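Student: Each chain, written out:
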Amino acid sequence: MRFRATLWGILLAALAVFALLRLASGPALETDLLAMLPRSARNPMADRAVAALTHTVQDRVVLLVRGQDAETGAAAARDLAQELQRSGAFRSVQCDLPPVDTAEPVRFYTPCRTRLAPPDLPPGITGRDLGPLVQARLASPGMGALPPAQDPFGALNAFLGRLPLQSAGVELRDGLLCVPSPEGLHILVSAEPQGSPFDPAVQDRVLRAVESAERAAAAKGPLEVLRTGSVFYAADARRSMERDVNLISALSVVAIFGLTFLLFRSPRHLLLGLASAASGLVVGTAVCLALFGRLHLLTLVCGTTVLGVSVDYSFLYFAHHLDAGPAWDPLADLRRILPALVLALATTLLGYAALLAAPFPGLRQIAVFSMTGLGGAFGTVVCLVPLGLRRPATARPAMLARLDRVLAIARSMATPRTLVAALLAAVALLGGALALARTDDDVHGLIQASASLRRDETRIQGLLKIASGGAFILVEGSGEAQVLQREEALMDRLPVGRLETAMALSSFVPSPARQEANLAANRRLAPLLLQGLTGAGFRPESARRALGDLNAPPLTLDAFLGTTFAIPCRALRLAPTASIVLPLGGADAEDLHRACAGLPGVTVVDKAGEVSEMLARYRRLATIALVAATLLVGLLLSTRHGLAWGFRLLVPPLTGMAAGLFLTSALGFPVTLFTLLALILALGFGVDYAIFIREGGRRPRADLLGVCLASYATLVSFGLLALSTTPALRSFGLVLATAVLVSAFLSILALPTRETP
Amino acid sequence: MKHLPALLLPAVLAAQSLPAPLAAHLKSTAVLHLDFVQTRHIAALSRPLRSSGSLVVARDRGLIWRMAKPLPLTIVAAKGGVLEVDREGRRKLQSAKDNPMAAQMARILTSLLQGDTRALEGLFTFRSSSAPGGRWTLDLTPQPAAAPFVKSVSLRGGRFVEQVRVVDGAGDTTDILFSGFRPDAALDPAEVRLLDLQ
Chain X
1 MRFRATLWGI LLAALAVFAL LRLASGPALE TDLLAMLPRS ARNPMADRAV
51 AALTHTVQDR VVLLVRGQDA ETGAAAARDL AQELQRSGAF RSVQCDLPPV
101 DTAEPVRFYT PCRTRLAPPD LPPGITGRDL GPLVQARLAS PGMGALPPAQ
151 DPFGALNAFL GRLPLQSAGV ELRDGLLCVP SPEGLHILVS AEPQGSPFDP
201 AVQDRVLRAV ESAERAAAAK GPLEVLRTGS VFYAADARRS MERDVNLISA
251 LSVVAIFGLT FLLFRSPRHL LLGLASAASG LVVGTAVCLA LFGRLHLLTL
301 VCGTTVLGVS VDYSFLYFAH HLDAGPAWDP LADLRRILPA LVLALATTLL
351 GYAALLAAPF PGLRQIAVFS MTGLGGAFGT VVCLVPLGLR RPATARPAML
401 ARLDRVLAIA RSMATPRTLV AALLAAVALL GGALALARTD DDVHGLIQAS
451 ASLRRDETRI QGLLKIASGG AFILVEGSGE AQVLQREEAL MDRLPVGRLE
501 TAMALSSFVP SPARQEANLA ANRRLAPLLL QGLTGAGFRP ESARRALGDL
551 NAPPLTLDAF LGTTFAIPCR ALRLAPTASI VLPLGGADAE DLHRACAGLP
601 GVTVVDKAGE VSEMLARYRR LATIALVAAT LLVGLLLSTR HGLAWGFRLL
651 VPPLTGMAAG LFLTSALGFP VTLFTLLALI LALGFGVDYA IFIREGGRRP
701 RADLLGVCLA SYATLVSFGL LALSTTPALR SFGLVLATAV LVSAFLSILA
751 LPTRETP
Chain L
758 MKHLPALLLP AVLAAQSLPA PLAAHLKSTA VLHLDFVQTR HIAALSRPLR
808 SSGSLVVARD RGLIWRMAKP LPLTIVAAKG GVLEVDREGR RKLQSAKDNP
858 MAAQMARILT SLLQGDTRAL EGLFTFRSSS APGGRWTLDL TPQPAAAPFV
908 KSVSLRGGRF VEQVRVVDGA GDTTDILFSG FRPDAALDPA EVRLLDLQ
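Residue numbers (the working numbering), protein chains in the order written: chain X, 1 to 757; chain L, 758 to 955.
Treat the hints with caution; some may be incorrect.
Unchecked claim - Here are the in silico distance ranges between beta carbons for each label pair: (1) L:SER911 / X:GLN68: 34 to 40 Å; (2) L:ASP855 / X:LEU97: 26 to 32 Å; (3) X:SER452 / L:SER911: 47 to 53 Å; (4) L:ARG804 / X:PRO527: 21 to 27 Å; (5) L:ARG913 / X:PRO222: 41 to 47 Å; (6) X:ALA526 / L:GLY846: 26 to 32 Å; (7) X:ARG498 / L:GLY846: 28 to 34 Å; (8) L:SER886 / X:ALA575: 55 to 61 Å; (9) L:ARG913 / X:LEU97: 34 to 40 Å; (10) L:ALA777 / X:GLU541: 46 to 52 Å; (11) X:PRO180 / L:ARG913: 29 to 35 Å; (12) L:ARG913 / X:GLU541: 32 to 38 Å.
Since the hints were made in silico from the structure, they are not lab data. The structure presented is a predicted model; accordingly, all values stated were derived computationally and were not measured. Every residue, glycine too, gets a C-beta built ideally from N, C-alpha and C.
Only chain L is shown next, with the shape it has when bound in the complex (with noise of 0.2 Å):
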């Protein structure tokens, strides 16, 4: 009976997974631009909060967030740990040393990027399911340790992924909307240079 769970793990890694369309993109795609639309539903909060703004994912080497409403704020993750931009141009690196978590936070976000979904093995299981038309839909759902910080992660698209839902520990709901996706523009040097975490 003890040796049940290690008859599974292989089962479960196989299902580690993600669907075959995101990951040929993956794999295809080293830099995409794209927009985004985020709704948050806040239990605090008397109205939802909506924010706008443009995304960057360079499959190689991270993200980078760049908020255009209600505020400027752009936010870079990448390997080496998090970037913050304020609108004055104020930067406020957290490395490893400084802030350890976030910093293994944005390595797993740059290592799922590439496709790698090792670092969440422990994390999440997942389960995805295709529709006709290549289109797919991803759920994550916490295992015990992530459990009491985030309640479901459920992801849907095509070629790109175009929606994601966030419900976390404390119930808020996150909705983003993906869109204007414009594959493999090059990467300016402004965008370089953040990504760099400088």
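Just chain X, with the same shape it has in the complex (with noise of 0.2 Å):
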């Protein structure tokens, strides 16, 4: 025993300095919720195109600011950025903008202009006809960049015009980017941090930086400031977990050792189920540690629920140090409740065991701390709190008469009449549970922001008529010029459905098929051209001019995206090989996998909807493996004892995951991969309770006690989940604490009846 106590002390220790040095060595903590996600691993483009997109477009902290008029706006405005840049908290911070070149794209395209379009001519018109047509042309109003002398034809003027230059509903003005609205002008100032927007330092910074930029400008009269940016939605995730696990943690601890040390009445008791608990959660650590370096946040929010259930085996012992009076051995009675200890331990790992199996790195890590934690609390309750429980238990014969009394009510329930109660009571839950239940697999269940900044979102989006979701199209080819003309088979097609214009490389630049086939229209057209022009009174040399160069150099996309007007664009283009066509408009995913149906080389990335499909395809594995492991802890108790008991022993677990089940779904909780977890998770411990009464035999008031108090512990952790700001845990916790609470009750089920020894 003593050699046994001394390993497992020295194994403890060990783990707790690693966990100590490794903590202070550096950030240990992982805030980005979506690190828990999987990876697209279908294709590294596509994540390479999201992260190029994310940075350039999500990573940026977006204000748009109000004033009561468009002076106080402006001035406002350029306060605020002053401010940003002073603060050293950004790269760098955009409100005035560099005068711009207007007649830059005019300068660049017309030495080219005899590839970018074909002459827009009355189809079957002869050479005699052009000339009045063009004197006509030029002596109308020119409503494009170029007066009708220098484009007779128009076709360049066509091509300018329809080039996506400018946002829709943002307008430049006085080197402002402002957006009108009924409400008034809005100025847009965007930043980019200086950093990662999931470094908590970078998101203090930042955060401080906007507020106080708002409040100093907000002092020179009434503002309105939107904003938006990865770095808001990062900070807000990151302030509501930690506040989770403080809260919860505190009250956990609060709530679970304030009534061990109430029971109990010694310091003893709660500083052994303290100590079990904590070298749980210092197994726990180090192990994820070791074994992934960072340890999520979402992980130690969950995690601190394992308190609760690590608890119950020091509480089981507990439970029959108080029952067993002046018979107390510590080890005697630890090998009497030994069985029941495994036996418990192998159900809750396997419960656990199935979040292994999920793709989710975040799940994955929860699982393995949760199963090293609980690995470790039952190796304190075995290795180490006999030790420290060596003397008996002051008498208590007030409360063990009470348990007696309970003990006794218990008993006259366990009949027959309640175990077919319990079963019909699981049947009508549950289809209560399947009636009410729906799906939902949206991945923005996990994310709950703060619902102003949702406000904002939603206001800016509107104002800046940017679509939401993030999808965007990749052309993959071969080269450039497949690329190239792949994009143009798509842009071809719009609009489709609510999809009517993207932002696309090759509106700039048309393939070099598309050049070719223009210049030979051109050069085709050149007599019929120079008849219709020196018709219309134009000097031959200047005929000659206005005709375009018919052997003007191909138009390459490094040329284009060399010029000052194509800085926005330089983030589509990935590689030689690849690019990104961006939707504008109000476009939903749907429109724009329409879009793409057929076309070679062109698919929809669309991370958001992705991760949701795999939530849904996993909530229908868990579906699958909640049967499995139903069946196996089934196999696992009835090869203990009998197949009779076996399924006895599961009635009070079925009947909690089913009330779980209804309750949520009767809350309006939609059905998620979560909620099957939690129904697993609850097969796990609610067959514990079953198998501590069902084991105990010689002291069924010590199990019932230990039932009572492990019960309480985890109703307690898992019920305070249903404090955490994310829906998903809200649900989750729900579904564990009914489950818990109903299988605690129904427990009394597998008390040994008069004739079972």
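Starting from the two chains in their separate frames, assemble the complex, guided by the hints.
Tutor: Here's what the structure looks like:
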């Protein structure tokens, strides 16, 4: 015994030291919620595209400033930008744009206009009729960038007019990007944070800078500032998760150990209980840090719930200690309950093992943390706690008498009728649950941003007319030419559904094939055009010039991307073999899929949609896993207690699971993968109580007390999850708490009847 | 020093207003029919280009440019975009989706017709001067953003705009003379259809 204890003690100490060293050595906590989710191993280029767009678009902080009128708004926006720049939290801040060279596109495209578009002529026109037509065009008011004299056939004007040079809704006024709206003029200020948006230090700096800049600007007059950017969401998520961890763990500890102290009336039990829970946390943390490098904050949130379960083992032991009175023998009594403890641990681990199989890095981490944590708590109870509990407990006759009364009531209720009633209740609850349940696998259920952040985002999206959801199109090919050609095949199809326009490189640089076709058309029509121009009154030299360069060199993507007006498009080019086409306007993923259907090399990248799909797929798999786990647990119990008892022991957890599912569906929470995982865990925990009662044998009173304490602790810790800010976790906690409550109550069915030994 | 532009802003904005008689006319006249004669001096052409026709200015809807000589051609500029109708009646519509730039110009034109000069604010500075008898001249000088495309625009008139002279970025000149003003003659159904870009 002593040897085992020393060995275990050394192991714990080693793990604790390792964990402390690791925590001290650098950032060990991961706060990015999306790091929990699986990577799309399907297409690495798609991941690159998402990363590129995230960096250029989403990581930026975007603020829309509105003052009482245009001037005060502009002044406030400039003040704000200055304050942000001064704060040092940003790598760059944009408010006033450098003067735009509006003639640059004209200068760039004029030399190669014969490659951009064929001349726009009525079909079948002759040279003689073309003259007056050109004259009419020359005389009409020009609505394009070039006067009719410089572009008599309108081809270049048409091409320039179609270029998506300016986002819809955004205007350039006085050097500022503005968005007019019925409420007033919003002025755009954007900034790039210095560092990763998921770095807590960066988040703090950015938030402080934005808040103080807003305050300073608002001191001069009423102001409305809308904000968006992944920094705000990340900070929000981190704050709510930290609040969850602090609140839940603090309340858990108080509730559980408060009761321990009240009940056992001695600090010894409290300390030993804390020791077993703490060792569970130490083992869990150390193993996770060793295996994963970083511990996700979500693991800690879920891990604090393991506190409530890990004390189960010590509670059973303490209950026996209390019950045994003077006949206490630490080792003998440990050996007596050891089968119960081992079986309970095995069934709980079986439940968590289902999480291990999930492809989610986050869920695997939670499973490893919980399993090793429980193992650690178990180890401490088995190796160390007996050493601390050598003396018998002080006699508590009053409490024991009360327990006897409860036990008598429980025994009277443990009739076959109760069993049948429980079964019927389980079936009814399950039926009700299935009727009320609805599934919703949208990944956005995992992320609950604050209301003000969501309001701002909706308004900003409405004003800037950008599509929500972040889905876009990836075009791949063997080289630049094929990529542009495939883009053109897609763009030619638009509009499709609500997808009206998109920003694509091929709009700015036609594919080589199309350039050649345009040039050929210009060459072929040259004699006709020349006739028309001279007929309209062009001097021969001017007429030849107006035709454009019939030997214009090809227009390349590199040449285009080197211009200033191409800067917003640079992000679209991922690689020589891949480019991004960005949908503009309010199209959703379905419209994109329809537009891309059947086009080779053109795919829709919809990270959020993919993850939601994956969540749905794993929800279905988890349902199968749940059934399998139930059968396995039943098998395990049957090999030990026989088929009849094996079934009887399953009734409490199954009824509990049905109750949990019913309640969460009735309250309107959707059934997600997390609901299924909660049900799997409920099986693992719920069956523990039945096992404790069944395996008790000679000390049913102690087992009953143990079950009460253990279920209370589990109930408290999972019930507290209902306080979480994440809806998925709230539902998770609710299912488990309900299931545990019902299973604990129904575990009386496991009471050995008078006949069984 | 850096606050100077901000202080000047209100002053500049006050100057960005149309001459009083013109503003009054725009406010009071919903529909105006008139004739025009246009002369264009284009360097590339060996002779000046003369055209003539009629105009319909509908304050709240847009503009119809109906050229008769040298060739029948109708161009309609309204809030939704630009419509071109050739002598055979073939229609070509350029909406905001097909040609955002043209549509934006049409939008600016239609708001100008309502006396709203805000859209021109970043593009031109206005300077108006008045002469006896309610006559005025209005000169528009381009800002750097518009300078490559337009060198100057000057308007002259009394109750109505009578003369426009535009010098474009290439140095070519356009002179338009307006006459035959028929205020408040109602729009006929064909004109209504055109202004709806149909």
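Student: Hint numbers the structure violates, sorted upward?
Tutor: No hint contradicted; all consistent.
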